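Participant: As given, the protein sequences belong to chains A and B, one line each in that order. Position in the first sequence counted from 1, then plus 2, gives you my numbering. Position in the second sequence counted from 1, then plus 94, gives you my numbering.
Be careful, since some hints might not be right.
Cross-link-like lysine to any residue pairs, in silico, SDA-like; alpha carbons within 25 Å at most [to be verified]:
| id | chain 1 | residue 1 | chain 2 | residue 2 |
| --- | --- | --- | --- | --- |
| 1 | B | K234 | A | K172 |
| 2 | B | K228 | A | F428 |
| 3 | B | K234 | A | G158 |
| 4 | A | K10 | A | F29 |
Listed next, the stretches of chain B that the computed footprint assigns to chain A, with coverage defined by at least 3 CB atoms under 8 Å from CB atoms of chain A [claimed, not checked]:
| id | region |
| --- | --- |
| 5 | 187-196 |
| 6 | 295-306 |
| 7 | 361-369 |
The hints are simulated quantities; they were obtained by calculation from the structure and are not laboratory data. Predicted model only: the values in this text are computed from it and were never measured. No residue lacks a Cβ here, since even glycine has one placed at the ideal position from N, Cα and C.
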Amino acid sequence: MSSANSYKNTAAIKASLKKRYARERRFQWYGRIAVMTGFVFLFILLADIVGKGLPAFTQQYIKVTLDLDADRLGVAPDASEAELLRADYLGVIRSSLRDMFPEVTDRKEKRQLYRLISIGAEYDLRDAVVDDPGLIGQKFDKWLLAHAEAASYLKGQVSRDLPEGDRKLKNTQMDWLDSLRDRDRTEGRFNTLFFTEGDSREPELAGIKAALYGSFFTLLVTFLLAFPVGVFAAVYLEEFAPRNRLTDLIEININNLAAVPSIVFGLLGLAVFINFFELPRSAPLVGGVVLSLMTLPTIIITSRAAIQAVPPSIREAALGVGASKLQTVFHHVLPVSMPGILTGSIIGMAQALGESAPLLMIGMVAFIMDVPGGVTDPATVLPVQVFLWADSPERGFTEKTSGAIMVLMGFLIVMNALAIYLRRRFELK
Amino acid sequence: MNSMTVTADGVISSPATARADLDIREHEHVSHYQTIGEPFVDNAKMSARNVNVFYDDKQAIFDVSLDIGGNEVIAMIGPSGCGKSTFLRVLNRMNDIIPICRVQGDISLDGDNIYGSDQDTVLLRARVGMVFQKPNPFPKSIYENVAYGPRIHGLAHSKAEMDEIVETSLRRASLFDEVKDQLDKPGTGLSGGQQQRLCIARAIAVSPEVILMDEPCSALDPIATARIEELIDELKANYTIAIVTHSMQQAARVSERTAYFHLGKLIEVGDTKEIFTMPKHELTENYITGRFG
C-alpha cells in the first residue's frame with residue numbers, strides 16, 4: 003500500500019473515531035439511566051413499605067386505674083381458679099374507665115369510651131388475676147392495650163381535619179385520648195404481640211406467628227422434597243444418563259416446567275393431592291409438596307449448570323487414580339459444584355417462600371388464629387397473610403400488611419445472604 | 095454427557111487432519127502401515143497389538159502395535175493430532191469416559207487383556223496411573239490429594255500408615271521438603287511445577303506399576319520442567335513410564351525408547367539415541383529436524 007493511501011486510511015479512521023467514542027459514551031449513559039431508574043423505583047417501594055410498616059412494630063397502651071373490687075368482679079374474695087376465669091373483667095375495665103371520666107354519662111358516649119380499649123385487655127387482666135389472686139380488692143394502675151382506632155390516633159395517623167362522619171374515631175374520643183396523653187397515661191411499646199400471636203379480627207391483636215410457623219413448615223416440606231430429588235436428578239442426568247432422545251425430551255420438559263405459571267401447580271395440588279389422595283386441606287404438607295413441584299425445575303436446572311461447570315480435569319484426576327464413577331461424583335464433582343447447587347436451591351426456596359398463588363388454590367388462605375403444630379395442621383403462610391390483611395378494610399391492618407411484608411423481605415434477604423455466604427465459604431476450600 | 099470429546103488431543107478437529115492427510119499421501123512410505131524399527135521388546139509390561147481407535151466413524155489410530163517394556167521410559171512424539179495422547183489414554187481406558195470412542199485390537203498388562211470382559215477399570219487405573227497435561231490437583235489439602243487414592247482403595251489401615259504413604263509419595267515426587275509444613279493447605283495454592291509434582295505424588299501413592307504422562311511439562315516453565323525430568327529419571331527405577339511430549343529435547347533427555355506417531359499411525363520406534371541420530375523414516379527425520387510439526 004502506498005504512503006498516500008495509508009495516510010488516507012488514517013484520516014478515515016480518525017474521522018470515524020469521534021463518532022465511535024460518542025456512541026460508546028451514549029451507550030454508557032443509557033446504562034446508567036436504566037440502573038438509576040431501577041434504583042429510584044426500588045427506593046420508592048422500600049420507603050413506602052417501611053414508612054407504612056414501621057408503626058406496626060409499636061403498640062399503644064393506656065394506663066387505667068383499676069378498682070378490682072370483688073363485688074364488681076362478681077366473685078367471692080377466695081374464689082377458685084375456675085370462678086376467676088368466669089369473672090366479669092370487662093365490667094371492671096368499663097367501670098374503671100367511667101371512674102376516670104366521670105363526666106361521661108350518656109349511653110352512647112359510654113360505649114364510645116369503652117371502645118378506646120382493646121377487647122384483648124380483658125383477657126390480659128384475667129390472666130394477671132388468675133396468676134395472682136391477691137390483686138382482688140386492690141386499686142392499682144395497669145397499662146391496657148388500646149383499641150386499633152385509638153392507637154391509630156395516638157400514632158398520629160388520623161387527623162381531626164377529616165369530617166367526623168368519615169372516621170370511626172369521634173371527636174369526643176379524640177378529646178379523651180388527648181387528655182389521657184396529657185396526663186401521661188398513654189405509651190407506645192414494642193409490639194411483641196405481632197410476633198407471638200396468630201391472626202385476629204382485631205388489628206391490634208393480630209400477629210404473624212401462625213403465618214411464620216406455616217411458612218416454616220411449608221418450606222421444610224418443600225426443602226426436604228425438592229433438594230434431594232432435584233440434586234439427584236441433576237446428578238443422574240448430568241453424569242450417568244446416556245444422551246439420547248429420551249433424555250433430551252426430559253430436559254426440554256424440565257425447562258418448560260420452570261416456566262409454568264405457579265397457579266397451575268396449585269390446581270394440580272388441588273386435583274391430585276387434596277381431591278384424589280385426600281390429604282388435609284390448608285395443610286403445610288400439601289403446600290410444601292406443591293411448592294416443591296414448583297421449585298424442582300429451578301433446582302435441577304441450576305444444579306446441572308453447577309455440575310457442568312466442574313472442570314473435566316477434576317473428573318479425570320479422580321478417575322485416573324482409580325475412583326469409580328460414583329466416587330468421582332460424590333467425592334469431587336458434588337463438593338466442587340455445591341456452592342452453585344446451594345445458591346440455586348436457596349433462590350428456589352426464596353421463590354417458594356414468597357409464593358402465594360398456588361397456596362390459595364389448596365385452601366391455605368383460611369383465617370388461622372392458632373399456631374400450627376405440625377405439617378398437617380391448618381395453616382397459612384406469610385405472603386398469604388399479607389394478601390389477607392391487604393384485603394381487610396380496617397385501618398389497623400394497613401400497617402400490619404406492610405409490617406408483614408417487611409418481615410417477609412427480611413427473611414428473603416437473610417436467605418439470599420446465606421446463599422452468598424455459603425458460596426464464598428465453599429469456594430475458599 | 096460432558097465436554098470431554100474435545101480434549102482428546104484435538105484428534106477431532108477435522109479440517110486440520112484432512113489437510114495434513116493430503117500431505118502424507120505424497121509420501122510413498124506411508125502407503126503401507128508397517129512400523130519401522132523394533133516395536134516389540136522381551137520384557138513387555140504392556141503390549142498393544144493391532145490397535146484401532148475410532149471417534150464415531152473417524153479413525154484416530156490405525157493398526158498400532160507397540161510394547162512398553164518393564165521399568166523403561168518410552169516417549170511418544172509426533173505432531174498435534176497424531177494420536178499419541180489417544181494411544182496413551184487407551185492404555186488405562188481413560189477414553190472410556192468418551193461415549194463416542196471405540197477401541198479395536200488387543201492391549202494387555204502383564205499378559206491380561208485390559209479390555210477383557212473380566213477387567214475392571216478401577217483396578218486397571220490403580221495399576222496404570224496417569225499424570226495429565228495440566229496440573230489438576232483436587233481442590234483439597236495437599237495431604238488429602240495424596241491420601242485420596244490409597245483411601246478409596248483401602249490401602250492404609252491406620253492413620254500412621256496413611257501418613258507414611260503420604261510422606262513416601264511426596265518424597266518420591268521430591269515435593270515433601272517444600273510442603274511438609276503446609277500439608278493441610280489446599281493443593282491448588284501451590285505453584286504450577288509443585289502442583290504437577292503433587293499430581294505425580296498422587297499417582298504413585300497407589301503404587302501403580304505403570305505411569306502414563308500426557309505432556310506433563312507443557313504448562314510448566316523450564317525450571318519446573320527440569321525438576322519433573324529429574325523426577326522421571328528417579329522414578330524409572332520403580333515404575334514403567336510412558337510419556338507423551340511435544341518437546342523433542344525432553345524425549346531425548348528422559349526416554350530410553352521413542353515412538354514417532356504421524357496421523358494415527360506408528361511410523362517408527364526405536365532406541366531414543368537411534369531415532370534422534372539416524373531416523374530411518376523420512377517423516378521422522380522431517381519432524382525431528384523441525385521441518386514440520
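Participant: Hint by hint, say whether it matches the structure.
Facilitator: Results of checking the hints against the structure:
Of the supplied pair hints, the one linking K234/B and K172/A is violated, its CA atoms being roughly 72 Å apart against a limit of 25 Å. A hinted pair counts as satisfied when its Cα atoms are at most 25 Å apart, and K228/B with F428/A qualifies at roughly 23 Å. With a CA separation close to 61 Å, the supplied pair K234/B and G158/A exceeds the 25 Å bound. Of the pairs offered as hints, the one joining K10/A and F29/A is violated, with about 29 Å between alpha carbons and a cut-off of 25 Å exceeded.
Evaluation of the coverage hint for the region 187-196 of chain B: fulfilled, as 3 residues show C-beta separations to chain A shorter than 8 Å, against a requirement of three. Note: the region 295-306 of chain B has 4 residues with beta-carbon separation from chain A under 8 Å; the three-residue rule is met and the coverage holds. A count of 0 residues in the region 361-369 of chain B with a Cβ less than 8 Å from any Cβ of chain A is obtained; the coverage claim is therefore unmet, three being the minimum.
Going through the hint list in order, the structure does not satisfy hints 1, 3, 4 and 7.
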